[in-house]
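Let the hints inform the model, and build the full structure from the sequences given.
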Amino acid sequence: MFNFTIHKPNEDNFNYNKLWDFVSLGAGPAGLNAGLYAKRKGLETLIVSKDIGGQLNNTEEVDNYLGFEMINANNLIDEFINHIDSLKIPKLIGFNISSVKKENGIFQIGLSNGKYIKAKTVLYALGGNPRKLQIEGEKKFSGKGISYCVTCDGPFFKDKLVVVAGGGNSAVEAAIDLSKIAKEVFIIHRSQFRADKILLDKMNSKKNIKVYLETTINAIFGNDKIEHLNITDNFTKESTNFYLDGLFIEIGTIPNSYLISDFVKTNERNEIVVKLDQSTNVEGLYAAGDVTFEPEKQIIISAGAGAKAALSAAKYLNKKGD
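Take 1 as the starting number for the sequence shown in our numbering and just add one per residue.
If you're looking for bench data, these hints aren't it; they were derived computationally from the structure. Any given hint could be a false lead.
Label-pair distances were calculated between CB atoms; the ranges are [what the hints assert, rightly or not]: (1) Asn15 to Asn241: 57 to 63 Å; (2) Gly114 to Gly67: 38 to 44 Å; (3) Lys237 to His83: 49 to 55 Å; (4) Lys158 to Lys320: 53 to 59 Å.
By construction, the Cβ of each residue, glycine as well, lies at the ideal position given by its N, Cα and C atoms.
What follows is the structure, encoded as structure tokens:
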């Protein structure tokens, strides 16, 4: 597992009074690549995040990133960090971002340590949090058999019976990963698959994965831990109890746009609306990655959007004469 703590800077040597040209909020593929491109453009660049890797931390293997036929997600994070470190890009890792405001043309970024960072331009790339089923028992059994992270919790279910809720790429990838650990894996989804064909083909090759489509999970039951689900066949309307050891919920993410949603344009899903150059409706503020309304939540797309945002910020600063 990647050791994030080695990237936390010595605060005694960090100058909180400095005005940065470009600050990347978030250190997933979008934020890291933005930092790289901003640095290459000669901007005084800083990357700020509570951790490094973004959604890659919830993935085991990556097989769709150009240049790597197959790579462990942690190793890909290492590759990203090595590239960033080779350019000596400053990073402030280990702090939550508590506020983002623009005052007199300068962005003020509040941190969980009570201090502030100042920037001329900002990339907002804080990703999202797992979307919940919002059903009875979900909150009660979270951490007691319910998980939103296969990479984190999958090993606890060796030789067990597990269910993956969802029908997109993340759900199918989770089922494939779990098939190497669990005795049996069941995918339960309320409609049809939305996952890529290559993933579905891989899933179908696994003998211990079974699929229940057009099936709704109504509630989750148990005592000290999860014991069974109540599910309904959408066609027959027949409801049954489904016994299991673990439930992995993989139905997407909720964008972490709340810090700026009161002054930045968002859509009905609270995803940040951006222009082709990744700019928002606020001058000097850019957004990229899973927090935006980009429909394809892919590593390489997020990385590309981060690069575009940094290039756009550089043009903006040049135009202003900064």
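- Message: Under the constraints set out in the numbered hints, which ones does this structure not fulfil?
- Response: none
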